[in-house]
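One line per chain: the protein sequences are W and F, in this order.
Going by our numbering, the first residue of the first sequence is number 1, and it counts up by one from there.
Going by our numbering, the first residue of the second sequence is number 1, and it counts up by one from there.
All the pointers check out, no bait thrown in.
Capping the alpha-carbon separation at 20 Å, the derived lysine to any residue pairs in SDA-like fashion look like this:
| no. | chain 1 | residue 1 | chain 2 | residue 2 |
| --- | --- | --- | --- | --- |
| 1 | F | Lys-125 | W | Thr-108 |
| 2 | F | Lys-89 | W | Ile-53 |
| 3 | F | Lys-145 | W | Asn-144 |
| 4 | W | Lys-145 | F | Ile-105 |
| 5 | F | Lys-401 | F | Ile-373 |
| 6 | W | Lys-131 | F | Asp-65 |
| 7 | F | Lys-131 | W | Arg-66 |
Quick caveat, the hints were computed from the structure, so don't treat them as lab data.
Listed here are the chains, written in short residue letters.
Protein chains: 2
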Amino acid sequence: MPNRIVVQKYGGSSVANVERLENVAERICSYSLQGDKVLVIVSAMGDTTDELISLARQINPNPSDREMDMLVSTGEQISSSLLALAIHKRSLEAISFTGSQVGIITDTDHAKAKIITIETKRIKKELNSGKIVIVAGYQGVSINKEITTLGRGGSDLSAVALAVALKADICEIFTDVEGIFTTDPRLVAKAKKIDYITFDEMLELAARGAQVMQTRAVEVAKKYNIPLHVRSSFSKKEGTIIMEKTPNNIEDPVVRGVTLTESEAKITICQVPDFPGFASMVFNKMTQGNVNVDMIVQNMSHDKTTDLSFTVSKDSLSKAVKLSENIAREIKAGEVLFDENIAKVSVVGVGMRSHSGVAAKCFKALADNKINIGMISTSEISISCVVKKNDGKKALRVLHKTFELEKTK
Amino acid sequence: MPNRIVVQKYGGSSVANVERLENVAERICSYSLQGDKVLVIVSAMGDTTDELISLARQINPNPSDREMDMLVSTGEQISSSLLALAIHKRSLEAISFTGSQVGIITDTDHAKAKIITIETKRIKKELNSGKIVIVAGYQGVSINKEITTLGRGGSDLSAVALAVALKADICEIFTDVEGIFTTDPRLVAKAKKIDYITFDEMLELAARGAQVMQTRAVEVAKKYNIPLHVRSSFSKKEGTIIMEKTPNNIEDPVVRGVTLTESEAKITICQVPDFPGFASMVFNKMTQGNVNVDMIVQNMSHDKTTDLSFTVSKDSLSKAVKLSENIAREIKAGEVLFDENIAKVSVVGVGMRSHSGVAAKCFKALADNKINIGMISTSEISISCVVKKNDGKKALRVLHKTFELEKTK
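Using the sequences and the hints, build the whole thing.
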């Protein structure tokens, strides 16, 4: 395969120190020496970003997003230039760029900017002249010529967007784990690495708590149908390919993975007068207050009132409770309850589309193990159950076993 | 003085930690609240630049200047954004910029770029809207759109060049000392702070070892006649004003200051056949080899040969000796000697122009104190003597006393 365009992204743990950075340089050079045109996107070294944020908060607990972007974007600029130097030592040509220099043009929404377009002229020129091109991840430049960042995990998005813009042959996401697993291996010893997974499954897993890749990056990869290869920067092993249709599609497993998240809390507004548009009113208020709502369950009405439950991130619980109480008062509902001692387990797989009975099997397995389900919500390819926090890990193991994920190949 | 434009530069030690940075913010705000339009140029915090350089050298002992500029320019970007946040906390508006963002346009000579022009449009817009503008010092952007740096001490140059471009009313250089002294106070307890000094004297002092301000910055200030106020960021005291003609010009002291430098070494090429153009040949070779030559002394010819002595920085001694030996072989001169155990003491003052006898007084004072002089060189406003390294500090004290610098007001 002569002159493939290979896009590689290396996460912060992959370049956390000089030794790791040298290993990454070594790997990049091996691709270049094979004849590949290599474009590298790199995150800040180790905890650099968090350290910069903490320094800023010491000075100003409520820092402006515009200045934070000026500050934290330096982390990737540092790792990019150091990586170029490490490649130079290996006698290959390399050049590093900031997001601004290569023209990753974003909107003006600091700290969570959206990419509008990418000017590929300079990158192409350097790649065609035989250089390895390194781009600082996570950052761009706004239409107002301000430095912007793309939000947490934004380097994944930089990589995918650049792969799209350059029509890359491969987009590899190097990280500190071997790929996507059927569940978190720290919680379930029998968790297995998955060889192939669809974009939709990956998005569901990410939304349900798997933290390997940034969700927006997967969405963009899906939109432009760019297969991603998530793999370890510490080994030569193949990782997980994320793609539109996995090659073993005909006999797709019903369930691809299970996840656990303990970061949510549940709120219930009791005895809500059941008038049309009430739910939308509640969730509009939450959106206005920047509270993200995840699961929503509304029970059937009794006596013209209903109970409305939903989950929010624990970080925004106090805000969400306050908003809920205001609404409850306004519409003469009952009291507002909340519960932080919850966990959410989810079962994800595109095979569910064609297999009925997954939900039933899931509920039965939990019941057989005396695990009470507090809330249920389903999508086309996932089922989520809220259980007591103490039951979370057990529920995860039960579901992993029930769907025979330890046999994943 | 309503709406003065005040340019302030804060050095690395002035913003070395959060506490100092907050103090700097406090001072800046006090100017702004008086009605001044304040443009701040800031260096990297403390030893940041050296730390980044050392990290780079761990990875590549011979790093490219272009990538080093990408790397080290982050230091000033960090301190600039943090300073903006510290000002925001004090409820004033501030905005930070990289050199590239405000359009400090330089040539393409990485690591020691020269400023070609400065686009003031964006700065003026922000100043006029009432914001305190903070610009990362030491950096610019080349005509090729690459990040460049201006060489050691380059933040001074950024400040002076911006003051010129904005036609500032004041340019203050904040540092960790109280101003310019008659000599190094660490070496001579009776050293006195100088209230006023001319550009020419400052340039001579800097060239002879005084390290308070970057020489190029003083040259630019002289060229555009922008008075500089060098002062401490740790006190409210007035520092030293550097200007074209000091206010007490009529009774200018003959000698303004004395300096000592131990960073040079002496090379002698013996028995040089005395043909025209020989000296220029030697120093051309040195320039080609990037060796800066300081003092040059050629003795009178005996028997059609001469001895040529000159001093170079110790850093480049081995290179300079090698070059000298090549030349000596080529032109059939004698041996090449070198001596690292030297010190250079210099006496500087514009008053020398109108006062004869300064050199004689200087040599007599050293002789009376049994200090041998190895080389002498003079300019219109300075006299430098090379002495044995062991005699250096003593010579400095003798000269400080001889010219009564302890009585400086």
